[in-house]
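Asks: Start from the sequences, fold in the hints, and give me the full structure.
Sequential numbering of the sequence shown, starting at 1, is according to the UniProt record's numbering.
What the hints contain is simulated information worked out from the structure, not anything from laboratory work. Treat the hints loosely; a few may be bogus.
Unchecked claim - Calculated cross-link-like contacts (lysine-lysine; reagent style DSS-like; alpha-carbon spacing at most 25 Å): (1) K165 - K304; (2) K15 - K41; (3) K41 - K304.
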Amino acid sequence: MNPRLDALHPYPFEKLRALLAEAGAPPQGLAPINLSIGEPKHAAPARVGEALCANLQGLSVYPATKGEPALRQAIAQWLSQRYSIPAPDADREVLPVLGSREALFAFTQAVIDPAADALVICPNPFYQIYEGAALLAGATPYFVNADPARDFGCDWAAVPQEVWKRARLVFVCSPGNPAGNVMSLQDWRVLFELSDQHGFVIASDECYSEIYFDDAPLGSLQAARRLGRDDYRNVVAFSSLSKRSNVPGMRSGFVAGDASLINRFLLYRTYHGSAMSPVIAAASVAAWEDETHVAENRRAYRAKFDAVLPILQRVMNVRQPQAAFYLWAPTPGSDTAFARDLYGRTGVTVLPGSFLARSAHGVNPGAGRVRIALVAPLAQCVEAAERIAHFIKTSV
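Replies: Have a look at this one:
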């Protein structure tokens, strides 16, 4: 077996199951409410299902690794409209993938030279695929702790020069998971300048880009254009329909950006075998070409934040994020004890923040917080908030 498998950490939800087992079953009569996992629960758009059913003949052909031309064109047009940029070259700068998770992992394997003593830089807390992809590619993760003074963003300029010299890939997540923070144009300027100096590639995870409340978040390709980087040098954006269109089971997303990187990634994927079915491609076109359901999705999340925050703010120092559907909430004491006891007494499941992070530079930046995913129906989110508030008031 690949010895690098032994370096992988347990996934956060594996650790959560073990933690909740310590709590035992919640009281009878309280229906469980799971706010721990970022799985969308809103209805999928009807037009997507209709497109699936209308294109079942696609099951009879092998899919192309490069993806259906109509889908690449739909993605390019969506990027142009969403970010007010010229449409990327659908043939050279856009590649459909089987969801952003698969692509983030595979892209790392294509980028990293395992003989180069490479570092992969990750935000901390982080999506655990970043770490696992780095380890299995033969690289070493280097964590940049979230800074509460920067709205839980990263201070890239504070990373030591000797680290940048070994960096081959930098993961960014904007809007962020778990804090919902959005990178500014200045953040991008600093990161691009460092990339030019040291030659590393930037993988921008933007799967939460369409869940926001005020201004639409800045994207990596949009930032590149504003800063005169029209060739998207050394940056690739990853996005997905899972959160935007409530279709996580479709496993449909894209990578877009630097044509030279896309070309090499395509070569990797030709052997990797990750080609999207024409059936899913047709349904994906239907999703990318419609914004009505996306606006309704945002409205539904806004309604949940508007209902839940006044309840929780009576007992927690928590606020609405810039984007995404999470609350990054401080706990009175240990985050693991809070999540365990909350489940045992109320049946509400949240994710300890320390499970989403690693101890780095003397601290685990997720400790003392929990991630609350407002993905359940509105009434359940309100009920969960009431239970959490009562739990805190009667426990402290």
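Asks: Give a verdict on every hint.
Replies: Structure-based check of all given hints:
| no. | hint | verdict |
| --- | --- | --- |
| 1 | K165 - K304 | violated (44 Å) |
| 2 | K15 - K41 | holds (23 Å) |
| 3 | K41 - K304 | holds (13 Å) |
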